[in-house]
Amino acid sequence: MRRILAILLENEPGSLSRIVGLFSQRAFNIESLTVAPTDDQSLSRITITTSGDDRVLEQIIKQVNKLIDVIKVTDLTERSHVERELLLVKLLAMNDKSRTEVKRITDIFRGAIIDIGKQVYTVQITGDADKLDAFISAVANETEIVEVVRSGTVGIARGEKALRV
Amino acid sequence: MTTELYTGAEMVVKALAALKVKYIFGYPGGSVLDIYDAIFNQDKVEHILVRHEQAATHMADGYTRATGEVGVVLATSGPGATNCVTGIATAYMDSIPMVVLAGQVATSLIGDDAFQETDIVGCSRPIVKHSFSCRKLEDIPNIISKAFYLANSGRPGPVVVELPKDMLIPQNKGEFHIDTEIKLRSYNPSVKGHPKQIKKAVKTIKSAERLVVYTGGGIVLANASEQLTELVERLNAPCTNTLMGLGGISGVHPNFIGMLGMHGSLEANKAMANADVILALGARFDDRVTNNVSKFCPNATIIHVDIDPTSISKTINAHIPIVGLVDTVIEQLMAELSDSDYQQNEQALESWWQQIEEWRNQKSISYKADGDKIKPQQVIESMYEITKGEAYVCSDVGQHQMFAAQYYPFAKPRQWINSGGLGTMGFGLPAAMGVKVAFPDSHVICVTGDGSIQMNIQELSTCLQYNLPVVIVSLNNRSLGMVRQWQDMIYGGRHSSSYMESLPDFIKLAESYGHVGIQINHVSELEEKMTEAFSIRNRLVFVDVLVDETEHVYPMQVRHGAVDDMWIRKGEKA
Ligand SMILES: Cc1ncc(C[n+]2csc(CCOP(=O)(O)OP(=O)(O)O)c2C)c(N)n1
Ligand SMILES: [Mg+2]
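Protein chains in written order, with the working numbering: chain U, 6 to 170; chain R, 14 to 587.
Check each hint, because a few of them may be wrong.
Chain R regions said to be covered by chain U (calculated; three or more residues, Cβ under 8 Å) [what the hints assert, rightly or not]:
id	segment
1	138–145
2	192–200
3	317–324
Don't read these hints as lab results, they were simulated from the structure.
In this text the structure is predicted, and so the values were computed from the model without any measurement.
A virtual CB, placed ideally from N, CA and C, is assigned to each residue, including glycine.
Using the sequences and the accompanying hints, generate a full structural model.
Here is the structure:
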């Protein structure tokens with residue numbers, strides 16, 4: 006089962022490598038990983054999308070918690086939450102037909118064309134991972150994809166619940 | 014008044030002294046020469062110069078296992094630091110607190126592949142509890158203090174501190190400040206078990222008809238052996254120890270049913286397999302205990318007490334997990350037993366013990382003496398007799414290790430010192446030296462084999478320099494016996510590279526290092542020569558015992574079987 010873990014940890018040199026090392030050392034899976042400092046510069050927040058059965062997930066959470074730098078870990082997928090991912094994609098837009106189609110599909114997905122070149126459009130889409138997958142397969146039918154970059158999922162719990170120190 | 018300023022190197026030594034460190038085990042090199050200079054200029058902390066950095070880590074480790082005090086290692090950058098890796102991993106696998114101070118090239122050179130630069134923090138990342146790299150010299154004292162705190166609290170383990178050369182040189186100085194009480198917001202190890210879980214556990218224990226107490230190294234690490242013994246006596250339960258847990262309860266205690274696992278006793282493994290409740294205390298259901306996990310005690314309710322939540326339900330699902338310090342949790346269990354007017358089911362207990370006695374009577378830990386060839390088991394028995402069971406026994410890895418575990422009942426915790434988790438050949442001699450540093454007046458034995466001893470034999474030189482008269486008892490079977498045993502049992506007797514065809518003359522070797530060498534060839538001279546060896550108290554004695562090379566370690570779990578599927582003797586299943 007796919008899970009999204011939110012990890013709050015000390016913003017220290019080496020702390021990211023401990024997380025990544027732990028996942029590879031114990032053969033846990035990482036689908037995506039994002040990291041950035043929080044409003045409190047002494048803390049980083051990592052979001053990891055992973056998968057595994059309940060037993061594996063329990064081990065992952067315990068093992069992550071055991072790292073000295075880690076302050077809190079939660080499984081966002083356990084409760085209702087919001088998740089988002091950012092996609093930037095460069096598409097061939099050489100003629101009117103493909104330009105119109107790209108524009109039309111981007112509108113449907115509530116995305117934006119954020120840059121244009123002589124022969125390409127760059128489109129930005131946000132949403133959950135499924136939506137980004139759907140966009141990519143929709144535009145791929147109309148034109149050629151030149152380059153794709155995805156931010157990996159970030160997430161936050163719904164309501165009052167907050168992951169803070 | 015001006016405050017005194019110190020170099021980083023001075024701060025390192027001052028911090029160690031503030032933390033009451035008596036010994037550093039190490040080896041010098043370019044990046045740490047400033048620290049060596051600082052050591053030279055004081056007399057609070059004594060440095061012991063080994064002959065290989067791996068030995069420094071094992072020596073510190075042995076010192077720690079015997080005393081409970083954090084061992085300290087000092088090594089230079091690059092090869093010095095990488096030589097520590099095996100020792101760090103050994104300590105990590107057995108949860109031994111250790112602080113390794115490793116030199117590093119100057120911060121301005123890091124990343125340039127400078128001379129003797131290796132990323133030791135990176136190399137050791139999967140085998141440390143935590144690591145630090147100093148970037149400001151004023152941070153050195155508190156980084157070292159944090160390293161000690163982390164190493165020795167919660168589930169203990171090794172901590173690496175990397176010290177770049179520019180943090181240590183005389184040109185840079187700063188104020189010295191150290192906090193000996195450390196608090197970290199991200200680290201709060203549990204102490205007490207959850208009261209609800211304690212209640213549940215006691216309820217389950219009360220309902221048990223066939224209870225087994227299964228304990229591991231956690232009992233030794235937490236100094237919980239008195240509490241354990243009290244609990245076992247209160248419940249009149251059978252108690253088995255893992256290889257790491259030997260001595261947790263006295264090896265001659267009537268409730269002790271022997272070591273369990275791969276080379277455990279029949280009664281221990283049978284009791285586990287037939288238990289309805291297993292109370293696991295500071296043990297981690299290692300694969301050398303469980304055998305095939307899918308066949309492991311399917312009918313038992315498992316209560317698992319451990320300081321480390323990741324140990325619980327990692328390999329075997331625990332029905333009642335309790336996270337906490339094992340001594341504290343045992344006290345909680347005892348209190349709850351008293352509160353809840355605990356009544357034993359006498360009848361069930363009696364028939365359970367009857368059953369266990371039947372298994373015991375099969376005498377699975379036994380061997381057939383030979384009129385001629387010395388059996389390795391005999392050597393251990395003789396060692397036990399002569400030292401009245403009171404010696405520190407430090408083992409290497411192989412058949413000799415298992416014979417020592419089986420035939421030397423340990424009365425007390427910390428008496429048995431071996432590399433259980435990693436199984437590091439070469440551990441025994443330096444570990445014994447570390448113990449001897451701590452307890453110069455006790456008998457300290459290194460039980461080893463012709464293979465293992467050669468993995469750190471250079472330390473015979475350190476023994477002479479620091480007058481560490483350990484007794485080395487080498488069960489010399491002219492082969493990598495444990496490998497050979499597997500080849501006999503699994504690989505059709507094809508002894509691929511398990512012979513040692515060019516063994517040195519160990520007697521001459523010991524003598525050339527300035528020690529005493531004694532060879533024992535024949536059963537008839539075993540007792541006399543062993544007695545002689547142990548009567549020499551002021552010199553290291555190397556006892557080279559030529560034992561029967563065909564002997565196998567029994568009993569032995571059948572591969573992929575249940576915990577109690579065992580070979581009792583050659584070709585005979587239980
Ligand atoms: C560093 C290391 N290398 C290899 C092994 C694998 N190994 C386990 S036991 C053993 C043989 C040990 O031989 P010896 O020390 O003579 O002991 P014996 O089994 O003969 O008593 C080997 C090679 C190991 N445990 N450690
Ligand atoms: Mg051998």
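Quick rundown of the hints versus the structure:
1. 138–145: holds (count 5)
2. 192–200: It holds, with 4 qualifying residues against the three required.
3. 317–324: holds (count 3)
Against the hints set out earlier in the document, no violation occurs for any number.
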